[in-house]
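**Student:** For reference, the chains in residue letters:
Protein chains: 2
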Amino acid sequence: MLYIIGLGLADERDISVKGLEIVKRAERVYLEAYTAVLLVDKDVLEAYYGRSIIIADRETVESRSDSILAGADKVDVAFLVVGDPFSATTHADLALRCRQNSPPIPTRTLPNASILTAVGATGLSLYSFGQTVSMVFYEENWRPDSWYPKVKENADLGLHTLILLDIKVKEPNLKALERGKYVFDPPRFMTAAQCAEQMLETEETRAASEEGKSTGVSGKERLAVGVARLGSEGEKIVAGTLEELAQQDLGKPLHSLVLCGWKMHEMEWEFVRDFAVDREKFDEIWKRDYAGKGVQ
Amino acid sequence: MLYIIGLGLADERDISVKGLEIVKRAERVYLEAYTAVLLVDKDVLEAYYGRSIIIADRETVESRSDSILAGADKVDVAFLVVGDPFSATTHADLALRCRQNSPPIPTRTLPNASILTAVGATGLSLYSFGQTVSMVFYEENWRPDSWYPKVKENADLGLHTLILLDIKVKEPNLKALERGKYVFDPPRFMTAAQCAEQMLETEETRAASEEGKSTGVSGKERLAVGVARLGSEGEKIVAGTLEELAQQDLGKPLHSLVLCGWKMHEMEWEFVRDFAVDREKFDEIWKRDYAGKGVQ
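Read top to bottom, the protein sequences are chains C and H. For the first sequence, this note's numbering gives the first residue as 1, with consecutive numbering after it. For the second sequence, this note's numbering gives the first residue as 1, with consecutive numbering after it.
As the list makes no split between identical chains, a pair holds if one copy fits it or if it spans any two.
No more than 25 angstroms apart at the CA atoms, straight line, and that leaves these computed lysine to any residue pairs for SDA-like:
(1) Lys18 - Glu233
(2) Lys220 - Ser146
(3) Lys236 - Gln100
(4) Lys236 - Pro106
(5) Lys236 - Ser102
(6) Lys24 - Tyr49
(7) Lys168 - Asp145
(8) Lys18 - Pro104
(9) Lys263 - Arg99
(10) Lys263 - Asp156
(11) Lys18 - Arg51
(12) Lys152 - Glu139
(13) Lys236 - Thr89
(14) Lys281 - Gly216
(15) Lys263 - Pro144
(16) Lys18 - Val40
(17) Lys263 - Asp166
(18) Lys287 - Asp156
(19) Lys175 - Glu140
(20) Lys263 - Asp93
The hints are simulated quantities; they were obtained by calculation from the structure and are not laboratory data.
Based on the sequences and whatever the hints tell you, model everything.
**Tutor:** Have a look at this one:
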């Protein structure tokens, strides 16, 4: 049996009691370590779980999954995933490969906390979120804004958008690669401030280009909430305009950002405003652009 | 400190290791038992956690929360919630009351698995879901279809809709109440089949009434996925048309239903079709109405 086990968001003790029992008895234990990371290192997990853990990078999971699945039709293998098992499509893909294996490998999934629901800690109602989008690091000549039309779709319906932020772990250094050397760049995690900055930039670029490409959905005075290390003791939530959030340092990773929809209800506002950088300004903009618009 | 602790979806061992430690040492332990239920009874939790548990019904949480919060500025109180703490707005409300209490009561939330992400087990991508909607039991003279325009908004964008199904626990029997007696009805949990049935009915009613009120979004041949007891060993997933699902018995609660959006990608289809009641028909409809529409 292949057990795909969610670890939750913060540390070694966010695994479920059931998940821990399986980890302790499994033949081999893998940790997927490229779509998200915990706030603690692998050796902390190993010490707590009493097991040695094999790191599964993107290449192993996507191209060499045979090594993970070997013998799993007979013995138990645990595949640990930060957050919830189905937070990344790559895990559904792994489950599918088990099913299509000959002989088929039975799988079982143990769900756990995900950023998709933990974001409820902001006070924004999970029922008022539209589709989730991803934001990648803008590079010099590559500033992909495919997130923009999706945010716009949500915004048109008055819905919030959760924006998941890029992480780069174990990326080969391209300059070293040109010289024939295989060196890894240090890990990079996008901050909520960087995300806000990129959103403002795209809004400006669109405004400066063709007519109609800019819609104002990620303009300076749009309200948003930045979150960091949700679900951990050191979690941090900061609310404000995108312009304000672009200046906020939320500390260590992982960060995410929520862009608020105009249906933001009075009850949500009452909760969220406690996290505001500048409460007076937050209230003013909420009353001007959001308040009462959600009444149906 | 008030700890709002998610229990996950299935049984007593889905609590996190961290959550269990808090439950064991808390002064009092409450279980919120009206927005969702576990698949095991309170006494199973009590035996496993080694604690006696106070059931908190809707009235206690919403109108008499003082009893829950009493002394929580000095001692630890655990408030257990099935699924994830922020899956229901009532819990955000409780956290807000702690903050506004005098003196303020510190709170901490321990996220856990939620149906909102566990539904990824269907193979449908969590990034392709729009807003979540709720379906209540239709009564003789009350058939509220406020879910319909929201499903339509998602459908217009090609997005999936997760539909959470009504549960009725500890509801007073109205006929007995008329006679001055306070008797509770047995608990009721909406099945995926009942939900599909109600959706078909509303589509028909709208088609028979004014022009333009019916849009076909919950018509007979729309593809959907019914899920039951997700995250447990006995989880069941069945895919098919709404008409087919209205005839499917998924067994014991809790059930939910996903209405598929036309952006359903080939990879999602490949996963989901394995759960189809009638795979040939499922494939045919997918190819006719969904396939390739999601390519951007």
